[in-house]
Every structure is written in structure tokens, then in C-alpha cells.
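Protein chains: 2
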Amino acid sequence: MTYFDNAATSFPKPNMVYDSIMEAMKDYGANPGRSGHKLALKIGRGIFDTRELIAKLFNIKNPMNIIFTFNCTESLNLGIKGILQRGDHVITTSMEHNSVLRPLTALKKDGIETTIVKGDLMGRIDPLDIEKSIKKNTKLIVTTHVSNLTGTIMPIEAIGQVAKKHGIYYLVDAAQSAGIYDIDVEKMNIDILAFPGHKGLFGPQGTGGLYIKDGLDLREMKQGGTGSVSHLLEQPDIRPDKYESGTPNGPGIIGLGSGIKYIFQQGIENIRKHEEELTKHFIEEVMKIEGVKAYGPLDINSQGAVVSINIGDEDSSEISYILDQNYDMEVRPGLHCAPLAHKTIGTFEQGVVRFSFGPFNTHEEIELGIRAIKEISKEI
Amino acid sequence: MTYFDNAATSFPKPNMVYDSIMEAMKDYGANPGRSGHKLALKIGRGIFDTRELIAKLFNIKNPMNIIFTFNCTESLNLGIKGILQRGDHVITTSMEHNSVLRPLTALKKDGIETTIVKGDLMGRIDPLDIEKSIKKNTKLIVTTHVSNLTGTIMPIEAIGQVAKKHGIYYLVDAAQSAGIYDIDVEKMNIDILAFPGHKGLFGPQGTGGLYIKDGLDLREMKQGGTGSVSHLLEQPDIRPDKYESGTPNGPGIIGLGSGIKYIFQQGIENIRKHEEELTKHFIEEVMKIEGVKAYGPLDINSQGAVVSINIGDEDSSEISYILDQNYDMEVRPGLHCAPLAHKTIGTFEQGVVRFSFGPFNTHEEIELGIRAIKEISKEI
Chain A
1 MTYFDNAATS FPKPNMVYDS IMEAMKDYGA NPGRSGHKLA LKIGRGIFDT RELIAKLFNI
61 KNPMNIIFTF NCTESLNLGI KGILQRGDHV ITTSMEHNSV LRPLTALKKD GIETTIVKGD
121 LMGRIDPLDI EKSIKKNTKL IVTTHVSNLT GTIMPIEAIG QVAKKHGIYY LVDAAQSAGI
181 YDIDVEKMNI DILAFPGHKG LFGPQGTGGL YIKDGLDLRE MKQGGTGSVS HLLEQPDIRP
241 DKYESGTPNG PGIIGLGSGI KYIFQQGIEN IRKHEEELTK HFIEEVMKIE GVKAYGPLDI
301 NSQGAVVSIN IGDEDSSEIS YILDQNYDME VRPGLHCAPL AHKTIGTFEQ GVVRFSFGPF
361 NTHEEIELGI RAIKEISKEI
Chain B
381 MTYFDNAATS FPKPNMVYDS IMEAMKDYGA NPGRSGHKLA LKIGRGIFDT RELIAKLFNI
441 KNPMNIIFTF NCTESLNLGI KGILQRGDHV ITTSMEHNSV LRPLTALKKD GIETTIVKGD
501 LMGRIDPLDI EKSIKKNTKL IVTTHVSNLT GTIMPIEAIG QVAKKHGIYY LVDAAQSAGI
561 YDIDVEKMNI DILAFPGHKG LFGPQGTGGL YIKDGLDLRE MKQGGTGSVS HLLEQPDIRP
621 DKYESGTPNG PGIIGLGSGI KYIFQQGIEN IRKHEEELTK HFIEEVMKIE GVKAYGPLDI
681 NSQGAVVSIN IGDEDSSEIS YILDQNYDME VRPGLHCAPL AHKTIGTFEQ GVVRFSFGPF
741 NTHEEIELGI RAIKEISKEI
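Sequence order for the protein chains is A and B. For the record, in the first sequence the residue sitting at position 203 is 203 according to our numbering, with numbers rising by one throughout. For the record, in the second sequence the residue sitting at position 250 is 630 according to our numbering, with numbers rising by one throughout.
Keep in mind the hints are simulated off the structure, nothing from the lab. Errors might be hidden in some of the hints.
[Claimed, not checked] Derived, one-sided and incomplete: chain B residues facing chain A with beta-carbon distance under 10 Å:
1) M381
2) K461
3) Q465
4) N629
[What the hints assert, rightly or not] Below 30 Å or equal to it, Euclidean Cα-Cα: the simulated DSS-like pairs (lysine-lysine) are:
5) A:K26 with B:K545
6) B:K498 with A:K242
7) A:K164 with A:K42
[To be verified] Computed far set for chain B versus chain A, every beta-carbon distance over 12 Å:
8) M444
9) K498
10) G595
11) I648
Note that this is a predicted model, so its numbers are computed, not measured. C-beta atoms are modelled at their ideal positions from N, C-alpha and C, and glycine is treated no differently.
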């Protein structure tokens, strides 16, 4: 089996991730709460360790500014809805995932106005276009770091500068970049950073996170038991409790911590380099195949380990089905929950066949992929 | 180690739960999405199997009316906020957890009015008191099934009758009862049922669920990628997609399914009977100890496997600390995120030491607990 669907979820995970989850579940699978017993304290400490690892990875000074969530979609909903109010204006891009576009669409009825800056045919966003869209009531800019359709790497540092210059908050969706590309919330002027646990950070599904800058007060989406100031019926106004109601995914967060430890052990630059080499290999070979169209910048300095293609006019689902059935190769067809991105690059009708690589993929697997595409393109 | 904190999270889990989670993570840990490859379809099928098991357990006709969430707190927030609007009135009880009371407190500012029906000293709620509180604009009744403080079993069937008679929706918080007490949403007139995955259902942390009656349209809390109708920027209006945005906790839900299979294998009535016997044993012995006060109905026909006690006037945290340090026994002190329930039974200042039993506890462990309480009560 050849797994090329790492943009959906990384698979497999490092063994240390599996092991630490099982250990947490079997040996100390308690509910952390507060002022608890030995098991509760142990899992509570494990959760805090993961907070510290994330802080180190993204250069976040205070680990308590990191909130654990269910997934990146929840993080984005909390980041977007927690900050915007009636009368506010928000700028985003046509390259966003539905996890950004759908919350913004839902906010229209609450009197929040959105400007969608268009990408070019390679999915690139010009920071100047964002700057030109700023109005008096612009409160937030939301962009992805790496497109889940074209792999296009967005100029987040430049956009962060624009946001800072105009006193606007900047929310970055790191769904495809966390754990692979360097993210420094200080240097990049990122006020809110949403990330999944189960993609580049190698955690299990059911984990995600949100960094919220010091002093930026987001409205919480949920209230409930926090194990803190339990005598009050009001949600506590302390971090991370305010945003983390109910039982956390303790063993999952422990596993996420192991995933980040793995990244530090390997070196994020080595993981990135390996993915860049795989991507370069794939792009070079796939571009030689007649009748195949590849999307995105097609240059590893501007594109992450996501390469979308089409073969002739064939429906992307059909190609993916053949890859799955005849080649035991897992890719993802269709619209990838990014309809405006597909419109931007002109693939809204056909969809694309998305290949996304991870650190456990090999050059031999890339060759298998290329051979499969060659054979299919001849048959069609 | 003696674990008496099952009301916080069940520990350990049946081995088949651990095994199925690991198998899902290692063998088919993909992202289900839609129209996907073999691995995606396999985990998607596993998730659907869990939906069917839950449907069977609670007598839910259509498994698509079951929503997977992060935890019971999220389920309750979705159930409560999804239905209530400005001008509505809601009835709840003083025995609720902060996962009900805090969302209702937050809704005050949105013009939603709450009546809190008081329990008696044993934590019992009279359905007549609920009926008397009904106003013209009462839209929802929310009650727990089993108190997390006193173990008091609430008359949910009678309350369901009241709700039905007056055309009011009824939301039941099954945090302490799911998997132990019979729940039949049809027979009991439950319109919305919130439940955790990681307590009586033996799933892992990071799982929870919500049943929403056919035709009852709740507003979703989050929008995002659903893998369905991806060409639209609007959240799809189909179940369960409308309420399940982003990557689900696939392996966690598979594990939850195994937990429910375990319940069916053992027989829910056998699990309950074992817990009742343990509880009876504990109550009988603990009541004989001088200086110890036990709370709740202290009768297994009216009380689940949760028994809260105090020793003299000693602070509950101090007793719990001694149990942990000297007896390696895990209980939970303090307010249990249920401040009004503590006020109801008169333990708001002192807190209580909560013992909560699970199917893996034994009568020998109950004896250990009793012996420890005896020794501590003599020393104090």
C-alpha cells in the first residue's frame, strides 16, 4: 500500500506516538481535573509537557496561551468567531479551506463582512492585494500557510507585516504546515495560530490546538467544567481553562507531545528537506508525462508536499479509484473542501487528484506513483 | 492502586477497546472524508458501526441522528445553545454539572431565562416542581440522569412525560448513566441525549456524542469541511455532517464502538448489578463508621455507583490526599464542577470525598476503601 494522503492525516505515525498513547491509556488514563490524585496529576503533567513542546516549536513565550481543541476546524471556528463582532470586516483568500470559508459565510447573517482576495492560477496570494482590501473596520486577516490544494506556500511573514502595520489581527491556518515549515509567532506577527494535531505534528486524530496572543481576549465557544473556580457559574477568565471545558483528550495530547518530540529528534529542517526532495522528484517526473496537467507553482521553494494533477479530461474520482483499486495507492480526488481554491485554479468542474507526501514516503514510492500515472494516462 | 474515580473517567478500559484503537491507528488510520480510498472507507465504516451500536443501546431509530463530539460538555453546549433563542425560557435543576449551568449562565446575556429547580437534601428532583416552573415561553428542560455528586437517579421518564405533555423539548445529560442504566429515547420522550464516550461506554477520552430527535433542527456551533457538498460555502443541512465539521476522532470512535460491544457482551444489566452490589456494600459499611457522613439517597434503587462522604469536618481535599498518598487510592475531592448540587446538600464549604465505582472494581477493593476510611476517621 502506498499512502499519498498525508494532507488529510499523516499515516503512519512514528512508533513513539502509538506507544505513548497506549501507555497513557493503560497506565494513567485518568481525568486530569485539578488538585487530583497521582494518576490525575501524571496525565495533567503530560498535557502540560505537550503545551511546552508546542510553545518551543512555534516560539510561543507562554505555554498557557496554547489551547487544546478537537481539531483544526474547531480551532479556526474559535479563532474567527471569538474575535469578530457585528460591523467588523475580515479579509481572507480564495485559497482557504471550508473550515475558514464556512464560518465566515455563517457570520454574514451576524453582520460581519468578508473580502476574499483572489489567488493567481498557481494559487499565490499577493500581500499587496490584502493591504488594498483593508477598510476602516477591518479587524482580522485570515490566511492559510500552505494550500491544501496546490501546496502553494503563502507569504505569511509579509502578510503579518501588513497586519501589524495597520493594527489588524492576523490568524494563520497552519493545517498543512505545522511540523514541516518554520513558524515563529513573534517574528511573523501571528496573533492567532490554528493547527491540527494529526497531520504534520504526528498526533492522533481528535487533537488540535490554537495559540492566542497574550492580551487578546477571544469569546469562548463552550462553557463547562474546568476543574478551576468550580464554585462559580461563570466560565473562568483564565487560560487555558476558559477555552478548554470538559474532559480533554488526555492520551491523545500525550501522543501529540510524542509526535512533536519526534520532530525535534529528526529536525524539522530534515523532515522538510526530505519532503521537498520527494516533491521535486514527483513534480519533475509527472511534468514529463503527456496529457498530465500539474497545478501549483511546481517549485519546491514555493510549494509544499502537495501536488495536484489531472490526466486529460478524466474525472478526478475515476483516476483516484483506479489508483486505489489497481495500484493500492491512496490519493484524494474531488474538491478537497476548498471550492474557491478550485475555482481559482480552474478545476472546479473536474476536481483534481491530490498526491500529498509525508516523511515516511520514499523515492521508491514516488516512482510507483509516476509509473501508475504513466500507465493510466496511456490507457485513457 | 485502587481506582475509585470512574465518574471522572472509567479506568481501566476493556482490553478490546485498547486493541481496536491501536489497530485503527496502525492499520487504517486514515481520514474518512467521502468517496475515499480503501483506508478512508474502512475507518468510515468503523465510525458508522459505532453509530449503529449507540443507536441500538439507546433505541435510536436512525443512526444518522447521532452526532459525534469531543466530549459530553460539547454535546451539552450544542444541545442547549442549538435550540434556545432570545426570549426563551429553560428549566434545569440544582443538581446539574457546570457543563449545563455555565452555558445557561452565558446565555443570560442573550436574553434567555433559566429556572433552576432545587433538589432535596438527597439530591432528588420532583417532576412536579419542574411542571410548576413551566411558563408560556418554556422551550427546554435539561436534567442530568444520575448526579455526579450524590449518584441520585433522576426520574427522567416522569420528567419526559411532563415535557411531552406541555410540548417542551427534553435534554438529558447521561454523563453518569450511559452504559449503566437503561436509556430508551422513545419510551422516555428524550428529544436530545448528551453522553460522554469515555465513562460508562468505555471509549477513550476525546469522544462524546449527541442524539438529536428527527426533525429537531439545532443550530450548529462550528462550520467547516464535511467532505459533503464541498462546492458550497454554506454548511450542509444533512445529518450528521451539519454537526461534524473537520476530521473526526476516527480511532477514538472505533474504540468507543468496542466499548459498547463490551457492554452488549457483558449485558448492561449485569454491569449495573455488579455496580449496585459494590455500591450497596460500600454504603452499608461506610454508614457504620463513626464520624463519617454519607450523602445521597443511600439506596441502590435511587443511587448510582457514586457515593460521596465526609469524615468529621475535615476538608475533603485533605482526606483525598491521605487516601492517595497512604493508601494508593484514587478518589475525587472538592466541588466536582457542581456548585449548586453542593449547596443543595449542604457541602459547598467542605466539599466531599467522592468514591465512584466501575465494573472493574471488586468487593475486595471496597473492603480496602472501608478499612482506609475507618483508619483515617480514627486518626482525625
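Each hint tested on the structure:
| no. | hint | in the structure |
| --- | --- | --- |
| 1 | M381 | 8 Å, holds |
| 2 | K461 | 9 Å, holds |
| 3 | Q465 | 13 Å, violated |
| 4 | N629 | 3 Å, holds |
| 5 | A:K26 with B:K545 | 47 Å, violated |
| 6 | B:K498 with A:K242 | 27 Å, holds |
| 7 | A:K164 with A:K42 | 40 Å, violated |
| 8 | M444 | 20 Å, holds |
| 9 | K498 | 15 Å, holds |
| 10 | G595 | 22 Å, holds |
| 11 | I648 | 22 Å, holds |
Comparing the model with each numbered hint stated earlier shows that hints 3, 5 and 7 do not hold.
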